[in-house]
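Colleague: Here is what each chain is made of, one letter per residue.
2 protein chains.
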Amino acid sequence: MGKYPVSPLAPAAFPALPVIEGVAFATIAAGVRYAGRTDVMLARLAPGTTIAGVFTRSSTRAAPVLDCQAKIGGDSDAGAAIIVNSGNANAFTGRSGIDATRAVTRAVAAELGLPETRVFSSSTGVIGEKLPAGRITDKVHDLSAALDPGKIAEAAQAIMTTDTFPKGASAQVELGGKTVQIAGFAKGSGMIEPDMGTMLVYIFTDAKVARPLLQQMVSELSDRSFNCITVDSDTSTSDTLLVAATGTSGAAVTSTEGPFRDALHSVMLDLAHQVVRDGEGATKFVEIEVTGATSDQEARIHGKSIANSPLVKTAIAGEDPNWGRVVMAIGKSGAEADRDLITIRFGEVLVAEKGWVADSYREADGANYMKGQNLKIAVDLGLGSGSATVWTCDLTHQYITINADYRS
Amino acid sequence: MGKYPVSPLAPAAFPALPVIEGVAFATIAAGVRYAGRTDVMLARLAPGTTIAGVFTRSSTRAAPVLDCQAKIGGDSDAGAAIIVNSGNANAFTGRSGIDATRAVTRAVAAELGLPETRVFSSSTGVIGEKLPAGRITDKVHDLSAALDPGKIAEAAQAIMTTDTFPKGASAQVELGGKTVQIAGFAKGSGMIEPDMGTMLVYIFTDAKVARPLLQQMVSELSDRSFNCITVDSDTSTSDTLLVAATGTSGAAVTSTEGPFRDALHSVMLDLAHQVVRDGEGATKFVEIEVTGATSDQEARIHGKSIANSPLVKTAIAGEDPNWGRVVMAIGKSGAEADRDLITIRFGEVLVAEKGWVADSYREADGANYMKGQNLKIAVDLGLGSGSATVWTCDLTHQYITINADYRS
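Keeping their order, the protein sequence lines are chains A and B.
Taking our numbering, the leading residue of the first sequence gets 1, the next gets one more, and so forth.
Taking our numbering, the leading residue of the second sequence gets 409, the next gets one more, and so forth.
If we strip away everything but chain A, and leave its shape as in the complex, we get (with noise of 0.2 Å):
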């Protein structure tokens, strides 16, 4: 944190978020890996919240994954506790992940008396190092004693590994005539292609849902946000997303559609946008929308093709409006294409069609777009109605530069 400049995709600020009721956060600086700056953060959920999750696929996921994974589906009215550190993984490090991550998870249980089933946990960071678990565990009494409902930006803050600003997100609905408010924080900049909730990310809210209903929205919204970005295509052994509803609004949820999934997507998607925006060495935020698919999955295929090809990442970073190149990634993706039916567009500027560049395209107009930093590339297959839309970034210098001296 602080060795890369800022991302200039950032926003302006970090916004501010509501209070959740039922939830407490605390922070502190253990000293897992970095120096001078916090890397735990605890957060304390009050009796009746239920839990939802969605993890990595990965069949390389590390410990604290399996442990969360083991968890979510239990249901109680003790409370919780999410504890996360920034700065190792506790990915690939066998027989002793698994203690390191029962060490911390019970040290928190004990502190808040909470069964251990009630206490999640997160690691982000160096893959295949020891998680120093004893570091962790001496900060419990103090975390537990700073827990504070106000310190959520400080929190979002604590996860950040490669990121360049923290990553914060939140909406407030009406239901039955109370408000509902949501609030959540991500972590995520490298190694980005969500195979379900990206990185690290936490949601609050204080609407009353129950659990099988609340993890099926987030299931299905986890596969129209995070899973529909893409920085480097490279998949987390630590993906996590974490959904808690604390209830104290009063306010039920009685319903996968409405109003409240609609807000809780609309948070999820900004998360998910910041994340890209955070892609590291990104200076193009990307929307890359398919249309005239056979299916949606056909869709999603060809748009993820699109968002991971090397050469079409650095062409956006070169301002290069080389849409050849998104005919190839379209060629290779396997899903179902015919060349002489597809239709391109680099914004509102027509480039191709019938399978050539159309007759009013004018390589000024599209590299005069190219130069704007939030692009979008419209992909229509003209073959059904199918459609999906993916986000991304470009691929640039400072992607190596951050990358080829991570450890050093």
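Please note: incorrect hints may appear among the correct ones.
Stated by the list, open to error - Here are the simulated lysine-lysine pairs, DSSO-like style, with alpha carbons at most 30 Å apart: (1) Lys762(B) with Lys779(B); (2) Lys354(A) with Lys371(A); (3) Lys762(B) with Lys130(A); (4) Lys354(A) with Lys376(A); (5) Lys538(B) with Lys371(A); (6) Lys376(A) with Lys538(B); (7) Lys130(A) with Lys71(A); (8) Lys538(B) with Lys479(B); (9) Lys762(B) with Lys784(B); (10) Lys538(B) with Lys354(A); (11) Lys130(A) with Lys538(B); (12) Lys762(B) with Lys71(A); (13) Lys784(B) with Lys354(A); (14) Lys130(A) with Lys784(B).
What the hints assert, rightly or not - Derived, one-sided and incomplete: chain B residues facing chain A with beta-carbon distance under 7 Å: (15) Ile535; (16) Gly536; (17) Ala725; (18) Arg747; (19) Val765; (20) Asn811; (21) Ala812.
Simulated from the structure, these hints should not be mistaken for lab results.
For each residue, glycine too, the CB sits at the ideal point set by N, CA and C.
Add chain B to chain A, keeping to what the hints say.
Modeller: Same frame as chain A, but now just chain B:
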């Protein structure tokens, strides 16, 4: 060509290639796109030559690829010709692309007295711009007049685009008391994850091989050579591999096994490796060997996932023995893996085993190994007997530089 320095991984010199009786080459500067260099190559093949081909599976493949594919099954005693231009890929050029390919092949057929179905063409270079076929057809007579069996090195030069060195390889093999020669050349540097045959590859032999036998051998071997390399995970719209057997040695190949197959394989592998060694911006040549998978297919999926991971490739560029990223790439591949059974070696250095860093591993050993120019990453999954080897290069600043300003 000449814009970027020659790859540090290039062979010391272009090899001395044998003359293949029955094949003659000519090159010319037609000004298709580049100035001051040759950009068209013509090869004339003697009557009786059999030709096998493998082509990109891209759904947006270029007009000359479609034309080649349609012609490849045909047999004829009339002889044949191959004409290739660099500078313009004639890809995504709609109806005009088909017309341009036909104009070129028709002109060659007329000049050389061949049926049009025996003239194969390829185009490589920028996508989406109309091929100025007239510049090529204008030169066909001069090309024909210049045909010379000794000009294979010049042919390899003429088809280069972002290549920093021409790529050639040869082998000879004794067959029934006769000496059979095999010689070929390739181009390719970026947009390299062939989905069969890389970019453009032409191989010639004076062996006598029936077309179905030749095709079977070439298809099988391309799956173990060109289909096992990747530079940037991007698959070209123009990938084409043609193998021509003139039969002029009088030695007949009658089986897909045996010394001829081995010799052909060695030439294909040599050319495939040279394409990786000219990977855009490459400073390291990396062999990735995966063993212990549940099948060869699963092993290749893991190998490609490692070879295409931007985080693995930037770590290699930074000489960082970051085996955690190898674990990550295995985890995201979608193929079967058990985190706690994985063994990873960098060269002879045992890095990780049983789901964690090896007891004997010292970071200094890994870091020292990574300083080499030719690296091997060996992964054993501990699950079964499936294996695969893939080859790739690192991802450096130079790749970004080359591709962020390719068209400018």
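Colleague: For each hint, tell me whether it holds in the structure or not.
Modeller: Consistency of the hints with the structure:
1. Lys762(B) with Lys779(B): Satisfied, since the Cα-Cα distance of roughly 26 Å is no more than 30 Å.
2. Lys354(A) with Lys371(A): Roughly 26 Å separates the two Cα atoms, so the pair holds.
3. Lys762(B) with Lys130(A): At roughly 14 Å apart (the allowed maximum being 30 Å), Lys130(A) and Lys762(B) satisfy the hint.
4. Lys354(A) with Lys376(A): Holds, because 20 Å separates the two Cα atoms, which is no more than 30 Å.
5. Lys538(B) with Lys371(A): Since the Cα atoms of Lys538(B) and Lys371(A) sit roughly 26 Å apart, the hinted pair holds (cutoff 30 Å).
6. Lys376(A) with Lys538(B): 26 Å, holds
7. Lys130(A) with Lys71(A): Roughly 23 Å between the alpha carbons, so the hint for Lys130(A) and Lys71(A) holds.
8. Lys538(B) with Lys479(B): Since the Cα atoms of Lys538(B) and Lys479(B) sit roughly 23 Å apart, the hinted pair holds (cutoff 30 Å).
9. Lys762(B) with Lys784(B): Holds, at about 20 Å.
10. Lys538(B) with Lys354(A): Roughly 14 Å separates the two Cα atoms, so the pair holds.
11. Lys130(A) with Lys538(B): 58 Å, violated
12. Lys762(B) with Lys71(A): 25 Å, holds
13. Lys784(B) with Lys354(A): 45 Å, violated
14. Lys130(A) with Lys784(B): 26 Å, holds
15. Ile535: 3 Å, holds
16. Gly536: 4 Å, holds
17. Ala725: 5 Å, holds
18. Arg747: Hint on Arg747(B): holds, closest Cβ of chain A at ~4 Å, below 7 Å.
19. Val765: 6 Å, holds
20. Asn811: This hint holds: Asn811(B) lies near chain A, its Cβ roughly 4 Å from the closest one there, short of 7 Å.
21. Ala812: 3 Å, holds
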